[in-house]
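Could you slot chain X onto chain L? The hints should help.
Residue strings, one per chain:
2 protein chains.
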Amino acid sequence: MTTLSPTPRSTVRRLPHRARTDRSELHAVLDAGMVCHLGLVMDGAPVVLPTGYGRIDDVLYLHGSTGAASLRAAARNEPVCVTVTHVDGVVYARSVFHHSMNYRSAVVHGVPRLVTDDAERLAGLRAIVENMSPGSWEHARGPNRKELAATAVLALDLTEASLKVRTGPPLDDDEDVADDVPTGRWSGVLPVRTVFGEPVPCPLLPASTPVAGHVGDRRD
Amino acid sequence: MTTLSPTPRSTVRRLPHRARTDRSELHAVLDAGMVCHLGLVMDGAPVVLPTGYGRIDDVLYLHGSTGAASLRAAARNEPVCVTVTHVDGVVYARSVFHHSMNYRSAVVHGVPRLVTDDAERLAGLRAIVENMSPGSWEHARGPNRKELAATAVLALDLTEASLKVRTGPPLDDDEDVADDVPTGRWSGVLPVRTVFGEPVPCPLLPASTPVAGHVGDRRD
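So the sequences go chain by chain: L and X.
Numbering (my numbering) for the first sequence: 125 to 344.
Numbering (my numbering) for the second sequence: 125 to 344.
Just chain L, same shape as in the assembly (with noise of 0.2 Å):
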């Protein structure tokens, strides 16, 4: 089988059939999201935190407070697993064993670098930014000598990574799907997405202060 990458945790066994390996695939799911969910080990337990990152090219940056203790674990030459997972759908099946859901999810591992060169960083920081917030950099007041040093950089590598996808409607059994006229039973998909809704100003802004035009488009 074909992987995103070789190593034995970025191959997908389970449900092998739902594993995607093209790497421009893996870059729109992850550029797709606003959250991911890092992964640490802390006293030889795992943490799990949602945090906002950003992608250039195969480098993903994460930022965080330097006085964080999950950034200064991550920071540590220890490994992490970065996963950013988007619901598309309820699969309602026959069956509730059936039952399913569609998503992305992408699963990033590796041992992330702190940036330390000063353009890689606002590189960085810029880019997470402008995940979460397009537009946002070059509108708002960019970081000052403080805020930066401040704020911890963490750049991880896209190379050992796995991207699993599952679309389209419910896999039931035959028996079950014979049955659908006598129970009546309704099968499909129920999508789910992610919407964006009214802008709610600052209450300190000026009433006057129309909406920024990088903030406004994004309303469904």
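Derived by calculation from the structure, the hints in this document are not laboratory data.
Please note that the accuracy of each hint is not assured.
Identical copies look the same in the list; a pair holds intra-copy or inter-copy alike.
Unchecked claim - Subject to a maximum C-alpha distance of 20 Å in a straight line, what follows is the list of computed EDC-like cross-link-like pairs (lysine to aspartate or glutamate):
#  : residue 1 : residue 2
1  : K270      : D300
2  : K270      : D241
3  : K270      : D298
4  : K270      : E244
5  : K270      : D212
6  : K270      : D303
7  : K270      : D155
8  : K270      : E299
9  : K270      : D297
10 : K270      : D167
Leaving out everything else, chain X in the frame of chain L:
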């Protein structure tokens, strides 16, 4: 500081004013989710995978194929971390440094227990199915002996858990707020929510089958 649970790792240290200590709020955040991120340690490295879950009182149930390496690892009396995150808004601040997300995030630590009692296994599976697709347990065909044998059910106590919530407008520096008029920068929150679309019937379903109420009523 009061905590939901008394251990150091379930005490929120970073931005502790965002910590919530009401157990019913923890339950509400868990119940509002469909997918958790399950963290395990495998071969010394963290692995984070999305999976369904359900809750009964102060127990979280997880399930999976008895053939899945992650479930086997989680059933080995080893610690896991389960995180459920809702993104509620993108917080646009005057500075990129204060950009943030509004979110609710529950983090549960513990060593899961492999459920062996038949009644608890069924109750756990029911909780998982009903959390993802309320009403399906009654509507769809229940699990048969073979399906039950292929499914492992794990129970994780909610004893050691933390809940972190951010709400409200951006928190900017006074100097940046004072610059509002000259800069014309917009600041505020873009709400984010998850919605359900129009149900898509299984292509094999007879066209006359009406959409079941427990599915159709979820549409936004």
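Quick rundown of the hints versus the structure:
1. K270 with D300: between (63 Å within a copy, 15 Å between copies)
2. K270 with D241: within (16 Å within a copy, 57 Å between copies)
3. K270 with D298: For K270 and D298, the Cα distance is within 20 Å only across copies (16 Å; inside one copy 64 Å).
4. K270 with E244: Result: close within a single copy only, 17 Å intra versus 54 Å inter.
5. K270 with D212: neither (41 Å within a copy, 29 Å between copies)
6. K270 with D303: between (67 Å within a copy, 19 Å between copies)
7. K270 with D155: neither (29 Å within a copy, 40 Å between copies)
8. K270 with E299: For K270 and E299, only the inter-copy Cα distance (14 Å) is at most 20 Å; the intra-copy one is 66 Å.
9. K270 with D297: between (61 Å within a copy, 13 Å between copies)
10. K270 with D167: neither (31 Å within a copy, 39 Å between copies)
Of the numbered hints listed earlier, those contradicted by the structure are 5, 7 and 10.
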